[in-house]
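K.L.:
If you want the building blocks of each chain, they are given just below.
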Amino acid sequence: MADPPALQAQALWFGYDDDPPVLRGVDLEVPVGQFLILAGANGSGKTTLVKHFIGLLRPRQGRVLVYGQETATRSVGELAHWVGFLFQRPERQIFSPTVRQEVAFGPHNLGLPPAEVEERVEAALARFGLTALADHPPSVLSYGLRRRVTLASVAAMDPPILVLDEPTVGLDRRATEETLGWLHEMHRQGRTLLVVTHNLADLLPLAQRMVVLQAGRVVADGPPRQVLTRREVLQEAGLEPPPITRLAQTLRPQGMRGDSLTVDDFCQEFLQRLGSRQSAAPVAH
Amino acid sequence: MFDLYVPRSSWLHRLDPRTKLWGVLLITLAALLIPHLLLLAGLLIALHLILLSAQVPVARLRWVWARMAPLTLAILLLQPFFSASFGPAARGAPLLALGPLRLTVGGILEGISFALRANVLAVVTTGLLLTTDQGRLVQGLVRLGLPYTWGLTFSLALRYLPTGYGLFVSIREAQQARGWQPEARNFLQRARAYLPVLVAVIIAALRLSDALAMALAARGFGSPRPRTVWREIRFTGRDWLAVGLVTLLFVGLMGLRFGLGVVARPW
Amino acid sequence: MTDIVIRLQGLRFAYPPLSPDTPATWLLDGLDLTVEAGTFLGVMGASGVGKTTLCRILAGLAPHLTGGWLEGEVWVAGRDVRHSPPPALADVVGITFQEVENQLFTMSVEEEVAWGLEAQGVPPAEIGRRVEEALATVGLLAHRHRPPSTLSGGEQRRLALAVVLAMRPAILVLDEPISGLDPLGRREVIQALKALRERGPHDRAAPTTIVMVESDPDVIAAFADRVVVLHQGRIALDGPPRWLFRQTEALREAGVASPQMAHLADRLSRALEVPLDFLTPREAHAVLSPLLQGAAGDG
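Quick note, the sequences are listed as chains A, B and C, same order. Residue 218 in our numbering sits at position 218 of the first sequence; the count goes up by one each step and never skips. Residue 42 in our numbering sits at position 42 of the second sequence; the count goes up by one each step and never skips. Residue 146 in our numbering sits at position 146 of the third sequence; the count goes up by one each step and never skips.
Hints were generated in silico from the structure; no laboratory data involved. All values reported here derive from a predicted model rather than from experimental measurement. Zero decoy hints are in this set.
Residues of chain C clear of chain B, computed beta-carbon distances all greater than 12 Å:
| hint | residue |
| --- | --- |
| 1 | 12 |
| 2 | 14 |
| 3 | 26 |
| 4 | 29 |
| 5 | 30 |
| 6 | 39 |
| 7 | 152 |
| 8 | 153 |
| 9 | 223 |
| 10 | 242 |
| 11 | 253 |
| 12 | 269 |
| 13 | 273 |
If you want a taste of the chain C side facing chain A, the calculated C-beta under 10 Å gives, among others:
| hint | residue |
| --- | --- |
| 14 | 98 |
| 15 | 251 |
| 16 | 256 |
| 17 | 282 |
| 18 | 290 |
| 19 | 291 |
We put the beta carbon where it would ideally sit given N, CA and C, even for glycine.
Make the full structure from the sequences, and use the hints.
P.N.:
Next up, the structure:
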């Protein structure tokens, strides 16, 4: 019997109280170990959808499953064992008197024995370069450091599934690259990653799959390169491909594929085509 | 939910906020001083008619009733016992006697009277907020003598109430996602269990107020030049009419109550 | 000869330390900057380097509201910031902040724009006119009665812009006006900034000088005449965007992102051993498509 997918939404409908539905029949299956980007305009339902996977919201209609178990039968605390969730503006969750205690909050809530909590905390602090600040009050640290504390906090919970809502917003270049590096590492370790983002330029190259949400429905779902070529869909969904992709697309008539995700991608393809053109040119006598 | 004001251009909306404040004051006093059931009920019905004529949606009035329902129920159930057992001598033989607690018809009537009063107060103050733009309300208070900074503090507090609530909810969700599960045993323990949320909210609120202070200063708050008002509230003939009518009504009711002693009891 | 509208000389600034036993450190340490009227200045730098602090100083918020120590000379529109608290600068410097939530505090869009004008004692008739004008410039006139909290992110940023525009400052300071917005919101705000720039030359009341802190290099490239990069308390790079974004090493060290197009131009220039220069996809297309087409047929 095959392993159940890490995350599943089946014919998911959801709306707050009596309001019109925000999610209108979402079907999504995320296999274990996949890195998926969820994109869409503000109001398309992205955050509402992902909140279901941690059990903060329950379906009005349809089912939501984590590792084959319905979230409706589990509490948020239970699901936290499997799903590590980071909200937008995560630095607002900081409340502890020291960085160490803040990072220990998650593992402690999971009911782990104190020795293991300590081990995980020290490992997370070391991973994010926070060991020297372990006894510092986190709320007075710089913005970049506070964001690192929130990453360490979720890392210390060691969840097999990571769901992150806009993890790079507000970060400068260095912090963005650190975060991307960590995401890549998590993926290489075999974890399942679901990242909600507008930052397509940085995150698409890392992802295996891109899902576009519009007005509560999935309108595109596939490998990033493929989804980026569907310009009308993206435009309607209020999205814009990164500049390099746009450039590649405008050069389609000249032979480019139009699906470059990075500058490297583009250069490789461009130089190759240029080279083949030149070698195909008639040699002057 | 927090924004009670329903923008309309009805006669009531257009009255000067000071007129409405006067009305709220007199109606409140009248309700507190007159226990007569019919008069209170009449007052309550009149208030509803007034608000409906001011184009206030029925849904809003229902909302007030829904919020008042638990309190109203509590009053109806408990006040009768209280009045009959510990209040002034009740009329009629006790219907029920449980130790020191007694229930009489008089007690029940008093209970209904109190419940009606509570609802009159709720409807009249909510009515004020439903039909008065917050900025104009504050302007009215300031013109009546409230220092401007107090008025500003009041309106900022109202404006940021939903923001504070939103912060509370989102921080609570974030902590839940970290496995936090507060166990409610008694109130004190629950308060302690809520520290991860409360502390984070307070920190966020402090940052917010810092930023707000800068925004205010950057827009010229604290300038030595006197503040001007873009849309001044003005007392018109209608306002004088309204003030006159309400005052007359109030005097009349007080005359009945104290002069003639007619409506001094619930029934 | 254009006026110097911002003059910073040997600027040093330190915030008050959080506890009495920690020493104060200079965040800005020897900053020199001269800005001519009419410039659109982009300010970039890593997180925490002092970009927001610089904005606050230009508006007088630092040191007057934040506390701390300020040394050196700071002249803004001819006024000495060291001796001018924020209300005294409110008519020459208009500032918008990163957090929109914390700077929109009234119950309607038009009230929001009017508030600052009331605070500065502008006559009521004038207030009405300026409110309309400002809202029209940013495209929010139709929403004038809506509560700011019901506006979308892009609309809120535009409202913040209208608020400062109405005060008719000589200098506009925008702290990350686009960060955190979705593509639609970004487009709205960029549109509003364009409208603002277009109004500039014809409207003597429009702010001629704009200082914009932004981490998105594409936005900076699209608007700025001149870009400064802050690093270690000083200005590490200063020049037109076209030149600045090619200084890849220096930018990397300062923790600043370059536009993808600048990277591409760099890479292709080196690979083809031909100097290539483009900053936007449109420019890149103009340069690259002939290369792909015209490779054949040169004898």
